[in-house]
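From just these sequences and the hints, can you work out the full model?
Protein chains in written order, with our numbering: chain A, 196 to 517; chain B, 0 to 502; chain C, 2 to 337.
Fair warning: there could be bad hints in the mix.
[As the list claims (entries may be wrong)] With a Cα cut of at most 20 Å, we get these calculated SDA-like pairs of lysine to any residue:
| id | chain 1 | residue 1 | chain 2 | residue 2 |
| --- | --- | --- | --- | --- |
| 1 | A | Lys350 | C | Ser103 |
| 2 | B | Lys373 | A | Arg384 |
| 3 | C | Lys131 | C | Ala305 |
| 4 | A | Lys283 | C | Leu102 |
| 5 | B | Lys308 | A | Leu317 |
| 6 | A | Lys346 | C | Ala305 |
| 7 | B | Lys328 | A | Phe387 |
| 8 | B | Lys332 | A | Asn407 |
| 9 | B | Lys373 | A | Lys283 |
For the record, the hints were derived by calculation from the structure and aren't laboratory data.
Everything numeric in this text was worked out from a predicted model, so none of it was measured.
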Amino acid sequence: MTANKTSFKKSFLQFYKKYGVVFILAIEIIFFSFAHKNFLSLNNFLSVGRQISFIGIAAIGMTMVLIIGGIDISVGSMLAFAGVFSTKILVDFGLPLWLSILITLIMGAFFGAINGFSCAILHIPALISTLAMQTILKGIAFLLTNALPVKGMTKEFKYLGQGYLFGFFPIPLLVMLIMFVLGTWILNRTTFGRRLYAVGGNSEAARLSGINTKVMTILTYAICGTFAALSGVLMAGRLGSGQPSIGADHPMDVLTAAVLGGISVNGGKGNIVNVLFGAFIMGILSNGMVMLGINEYWQWVLKGIVLLLAVTLSNLDVITED
Amino acid sequence: MSTAASNVLEVKGLTKRFGGTTALDHADWSLAKGEIHAIAGENGAGKSTLCKMLAGAIVPSEGSITIDGKTFSKLNPAEAKRNGIVMIYQEFNLVPELPIYENIFLGKEITKFGVNVDKAAMIKKSDELFHQMGVKVDSRKIIADISVAYCQLVEIAKALMENAKILIMDEPTAPLTNQEVGILFEIIGRLKERGITIVYISHRMEEIFELSDRVTIMRDGKIITTREIGDIDQKEIISLMVGHELGMDFPVRGKTERSAEPVLSVRNLTTDKIRDISFDLYGGEILGLAGLVGAGRTEIVRAIFGADKIKSGEIYLRGKKTDKLSIHKAISKKIGLIPEDRKRQGVHLELPILHNMTLLQLDRISRLMTINPKKERAGADEFVKKLRIKMGKLSDNASSLSGGNQQKIVLAKWLANEPDILFFDEPTRGIDVGAKAEIYELMDELRSQGKAVIMISSEMPEVLGMCDRILVLYEGNMMGEVIGETATQDDVMTLASGLKLEK
Amino acid sequence: MKKYLLLLVVVVMVAVMAINGAAFADHKEGEKIVIGHCVMDMANEIFVQYTNGDKEFEKDMQGNVEVVIVDGASEPSKQTEALENFITMGVDAIMLNALDLSAVEDVVHRAEEAGIKVGIYPEMEGVSVKFVFDEYNWGYDLGVDAGKWINEKLGGKATIACFNQAELESALGRYNGYKDGVLSQCDAENIIFLEPVSTVEPVRAMEAMENILQAHPEVKVVLASADAAAVGAYQAIIGAGIDTSDMYLGGLDGITDALDAIEEGSVFRCTVGNAKHTEEMGYDLIQELTKAVLGMDYDEIYFAPTIAITQENIAEYRNHELTYELDPELKEYFGL
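Written out as structure tokens, the structure is:
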């Protein structure tokens with residue numbers, strides 16, 4: 196009798212682990228398709244695709260940080276900082292676009308590395324150190340701009356956020372897909388990715404296998420900072436200006452996308468491909484709720500519930516053992 | 000004596016499986032009211048598993064537990080306590096920052112008017128409990144400030160508070176001095192007079208004979224027998240525990256000549272835990288490190304391997320003095336460490352078997368940071384065959400394997416690096432007999448290949464059976480060296496207890 | 002299995018999408034009109050008032066119009082996202098209180114191209130309804146009232162102390178407005194405008210006014226582009242203990258302190274404020290958009306109506322209750 200119950204739990208767990216995200220996504224799409232006549236259109240999906248690309252790109256970095264057993268709250272302010280910074284050096288110093296972006300990405304890596312340093316060397320809990328960084332970057336973004344948006348952006352820059360490939364495919368969506376290919380390669384095929392999983396799954400065993408866990412932690416946060424900065428640059432292009440006040444809900448959305456994709460908040464586990472679906476689930480949720488005219492505040496409540504639910508599901512094996 | 004009527008507890012067909020291994024196999028067992036019942040068995044024989052199921056800490060896979068006529072298919076800790084079963088673990092369950100009386104009343108504080116904690120009443124009741132036990136303890140002291148022996152007394156007082164009818168003690172004398180053991184035995188005697196049944200897990204034969212009424216012997220997850228203490232002697236208990244004559248399973252020594260020059264020399268190595276350790280390790284030999292838990296065996300190999308900080312001392316590799324090693328450097332100098340705590344330090348349970356096995360090979364099997372899957376698989380397949388690893392697919396998680404096979408993939412990880420010096424720290428802990436024999440064979444093979452091997456083990460027969468030489472440690476100091484072939488358990492135990500050999 | 006499931010989902014989706022095609026923006030007769038309204042930040046009470054007006058209009062239209070309200074939460078990116086979602090859901094019109102025009106420019110144009118009527122604040126080219134606070138007119142109304150005072154009490158001659166806020170473009174409009182307003186009533190040769198003091202801070206304005214009273218005792222008229230500054234000047238004038246019977250102090254905005262001072266019958270003679278409550282303007286704007294969607298005549302520029310509040314009309318102004326005016330044409334169209 197009890198055996199039956201546990202085997203049911205087990206098979207549910209396996210089902211969820213394998214198809215859970217796709218299943219939730221499918222249910223969501225079917226629901227909203229019936230709920231609003233204009234939901235299921237190519238235009239809407241491309242538009243949702245663009246909206247989630249900023250979340251999705253940052254979620255790749257967040258995934259890596261989660262796998263190593265950390266968390267990065269500062270991706271929100273990084274979104275604002277990178278947008279402001281890249282626009283400012285482009286406008287004020289007249290730097291070419293590629294160079295502005297490159298320098299911004301390096302700054303992202305730099306601040307990310309500081310996060311990693313705080314966690315690995317100073318032993319500050321990741322939640323605290325990145326929360327501090329969130330505030331620091333927010334401050335820098337406002338200092339750089341006196342709280343006013345940075346304008347005067349070039350057309351090419353705007354194209355990165357607003358443009359379309361072949362006249363219909365949003366550029367940020369394209370960049371996100373390329374970044375997911377890159378992320379998949381890093382995590383599944385490179386020596387770095389292997390070591391990342393090893394440190395996250397069992398850091399002591401990894402250390403005794405000669406892996407420098409501190410360097411790995413710093414590198415991982417630096418990569419996360421870089422991805423977050425890239426999403427900030429694209430966001431600036433999309434807004435046509437560097438906006439210092441954006442990104443408050445961003446860490447929450449990014450984290451939820453990653454966790455929905457089955458990335459364990461306890462480290463060591465998860466497959467990056469599912470994070471893409473996780474991002475789509477989040478994007479479609481807010482898109483669909485706006486379409487149905489549901490109050491913004493309900494969306495916050497629901498997003499919070501979704502995060503709790505996602506973490507619960509990814510923790511089910513632990514819970515069922517209790 | 001063991002008629003059904005007087006039994007306070009009966010266990011029928013109790014079984015616990017962890018993944019592929021069976022920790023307890025259809026155990027039938029009973030406890031008589033007011034007896035002191037010892038359980039003897041080697042590490043991993045199932046003693047703790049049995050007791051933890053009684054205490055509700057582990058849920059049984061099968062079988063039933065009957066307490067005072069009430070039958071349960073499983074217990075949780077609260078239910079177990081309610082039915083009078085309390086277990087005192089080796090790691091105490093006390094809050095170090097709180098005073099003794101608060102620990103005793105944790106979660107069931109005496110209150111005034113339902114809110115205010117009545118400190119005076121709790122202190123008074125605590126003192127009464129200690130008085131019943133026949134000891135004097137100031138119950139206002141903070142747990143962090145009192146000795147291990149006192150912590151144990153607090154645990155017993157807690158059990159009395161909970162009106163324990165069956166008190167399970169897991170190796171209670173291990174951390175105690177002789178004098179403290181005497182006091183503990185007196186207390187146990189008093190508890191028995193009050194009709195409390197004591198279950199007593201111990202390795203120490205003398206204690207078993209001094210204290211208990213009956214003894215149950217376990218081996219490989221099975222209950223072998225339960226006897227009145229008068230009907231059995233030490234020798235018989237040991238042979239029932241071990242299940243075979245000592246030395247039978249070990250490979251024959253002395254087939255290989257050890258190298259002329261030492262491969263590894265350590266001089267005056269000192270860390271936080273060890274002092275002035277010096278020894279030579281030759282190729283083609285297995286050197287044993289023996290001693291009680293905490294004597295500093297593990298710390299020696301960790302220091303050499305670069306995992307712990309060295310305060311002073313020198314290390315020579317193949318005659319050349321080396322700087323302090325980092326783990327990464329040690330690995331590149333062909334040193335390997337199979338760590339003692341497999342689950343925490345050795346294996347990545349949530350990673351695929353394949354990724355576990357090739358973790359040290361990543362740079363070799365990759366180009367431009369990208370891993371070549373073909374090369375990776377080929378290397379792994381070789382070791383699966385060679386070490387006879389029983390598994391599903393290479394892509395399954397390591398957690399799907401039995402303990403023995405988990406240990407084998409840790410071995411595979413290190414062997415793939417072709418080490419010259421290999422440290423085995425408790426290589427056979429918690430794995431089944433078959434896998435043990437295979438690991439012995441493998442170590443012997445390494446010896447015959449001329450590799451230098453250090454083996455650490457708490458299982459005396461294993462150390463005596465496998466090692467060419469044995470260094471014995473006591474509290475971080477080297478006490479002496481014995482020859483594996485001629486030494487006896489007594490010799491090693493004497494040195495390990497900090498005494499000198501007489502001859 | 003996972004791949005097949007995914008493939009199935011994609012195939013079904015693409016099929017339905019192909020049938021569904023692009024979103025339609027054109028309004029069809031008899032269909033409910035949907036208007037999306039994205040505000041700057043619901044944490045600011047003024048936007049709650051706007052949307053309360055939206056809801057009143059919704060109520061009056063008895064189910065013929067639905068307003069979907071989205072909070073921009075002070076994040077330009079959210080506003081962009083909200084507008085994109087409005088476009089794809091096929092709303093008929095969009096009302097936007099934009100945080101930053103540069104961030105929504107592109108998406109607003111896309112909306113208009115898709116046939117969606119967009120109403121927007123602040124001013125922007127190429128949209129259906131412009132919601133304008135005409136800063137110049139605000140100032141002009143004040144200037145006219147002050148000019149009348151100069152003619153009546155000061156014999157058409159005056160030296161005027163001015164407060165403005167140099168760094169803000171909208172404040173400059175107010176400043177120019179009240180200067181022109183005065184000159185519309187009086188002869189330019191008889192009027193001297195002192196160099197304006199640039200502040201909206203009451204304490205700084207007070208100190209500046211004290212200095213002006215010392216340096217230019219002939220100043221009888223003080224005009225400020227914001228009531229906050231006017232209130233500071235007011236404190237200085239009262240504190241100086243001078244005869245204020247022929248003095249004139251005027252400001253803009255209609256803040257509570259200014260209204261109190263006017264009601265007391267003090268030297269604070271006039272402030273120009275909104276003639277309508279925020280709720281009423283919200284109502285009006287959605288109404289204009291609805292008319293635009295239905296192809297009726299409507300106001301392309303909606304000026305926020307203003308009123309010069311003086312001792313004569315202040316009681317009436319303060320007792321003004323919320324009233325919504327439903328356009329008769331709409332009433333008739335829907336048979337309400």
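Hint check:
{"no.": "1", "hint": "A:Lys350 <-> C:Ser103", "in the structure": "13 Å, holds"}
{"no.": "2", "hint": "B:Lys373 <-> A:Arg384", "in the structure": "12 Å, holds"}
{"no.": "3", "hint": "C:Lys131 <-> C:Ala305", "in the structure": "10 Å, holds"}
{"no.": "4", "hint": "A:Lys283 <-> C:Leu102", "in the structure": "18 Å, holds"}
{"no.": "5", "hint": "B:Lys308 <-> A:Leu317", "in the structure": "19 Å, holds"}
{"no.": "6", "hint": "A:Lys346 <-> C:Ala305", "in the structure": "28 Å, violated"}
{"no.": "7", "hint": "B:Lys328 <-> A:Phe387", "in the structure": "19 Å, holds"}
{"no.": "8", "hint": "B:Lys332 <-> A:Asn407", "in the structure": "17 Å, holds"}
{"no.": "9", "hint": "B:Lys373 <-> A:Lys283", "in the structure": "48 Å, violated"}
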